[in-house]
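Residue-level listing of the chains:
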Amino acid sequence: MEKKVVVLPCSGIGKAFGEIGRQAVYELVEDLRPDDVAITCLGRLMIDDPEAKALVQNKIVITIDGCTQDCARKSVESSGKKVDSALRVIEAFKKNRDLKPEGILELGEPGFKLVHDLAQRLSEEVDSLMKKEQ
Amino acid sequence: MLEEIKSTKVGIIPCNGEEICEGTLTRHASRKVLDKLRPGSTVTICLPLFTAGDKGERNFAKTFPTITVDGCDKRCSRLSTERLSGQPHHSIIVSDLLKAHGIKVPRSRRTLTEKDKVAVDVVAEEIAKKVDEILEDT
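Protein chains in written order, with our numbering: chain X, 1 to 134; chain F, 1001 to 1138.
Keep in mind that the hints were calculated from the coordinates and are not lab data.
Some hints here could point you the wrong way.
[Claimed, not checked] Think about it this way: if two alpha-carbon atoms lie no more than 30 Å apart in a straight line, the pair counts; the simulated BS3-like pairs of lysine-lysine are:
hint, chain 1, residue 1, chain 2, residue 2
1, X, 15, F, 1036
2, X, 53, F, 1099
3, F, 1115, X, 100
[Stated by the list, open to error] Restraint ranges, calculated between C-beta atoms of paired labels, are given here:
hint, chain 1, residue 1, chain 2, residue 2, range
4, F, 1040, X, 31, 35 to 41 Å
5, F, 1100, X, 102, 32 to 38 Å
6, F, 1118, X, 102, 22 to 28 Å
7, X, 116, F, 1132, 38 to 44 Å
Predicted, not measured: the structure shown is a model, and the values here were computed from it.
All C-beta atoms, glycine included, are put in the ideal place defined by N, C-alpha and C.
Please construct the entire structure, taking both the sequences and the accompanying hints into account.
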């Protein structure tokens, strides 16, 4: 079955928000929507990797950024593809301020609650965009 | 009189490869160096900031001597750093390093097992060794 959606988290390593986005995408790709969603490395777009570029060109693309720098969205757009949806972890955090991650890569229970919420939100976004595409 | 400027910090730029387990290793190993092994003498930057950021961020590899840490031989971090910021001092490829040490690649990109932490330690020690070499040279 051909996957219709590509979701790219940012490569954020300075704050926990990057790790939350990354873990949410893994939950989406591996647990929630393995038949619909693919992932690729953001770095591959930066080096104009033909396979990665072709993947984002031909699919519905969702980016999830840790902060307002929007590296994932901007990296996709600099490869010539307009993203179909751009989410930010920090906005999900603002709605759940009690869920403070324990560390940058060790998120702990509160951080993983945020991951699960975000993965669900991403799954809803996948549904909405796939419906629009039909 | 010209005074030689001594660099006191080294920039570490992991690829963070989201698609592959080795990318997760670049991330954990780099954080280990930043937080535990060489906390006072290392800094990092998110690789895509070379595209998304401003001039200050693109000057990262001109401001600091840098080590790129790539998960695979596509060398996204090294090539992007060279093209968008400056020539790195050292380049590490995790897949090659693990092969040289006879260590298996982690099976999950989400969670690292105790066994995988040995791989993190090997990569982190290699980065720390290169940090020391750079600081001795500059």
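Okay, the hints, checked on the actual structure:
Restraint check for residue 15 (chain X) and residue 1036 (chain F): satisfied, since their Cα atoms lie roughly 16 Å apart, inside the 30 Å limit. A distance of roughly 29 Å separates the Cα atoms of residue 53 (chain X) and residue 1099 (chain F); the hinted pair therefore holds under the 30 Å criterion. A distance of roughly 28 Å separates the Cα atoms of residue 1115 (chain F) and residue 100 (chain X); the hinted pair therefore holds under the 30 Å criterion. Separated by about 40 Å at the C-beta atoms, residue 1040 (chain F) and residue 31 (chain X) satisfy the suggested range of 35 to 41 Å.
Hint check: residue 1100 (chain F) to residue 102 (chain X), Cβ distance near 34 Å, so the stated range 32 to 38 Å holds. In this structure, residue 1118 (chain F) and residue 102 (chain X) meet the distance hint of 22 to 28 Å, their C-beta atoms being roughly 23 Å apart. As the Cβ distance of residue 116 (chain X) to residue 1132 (chain F) is approximately 41 Å, the hint placing it in 38 to 44 Å holds.
Going through the hint list in order, the structure satisfies each hint without exception.
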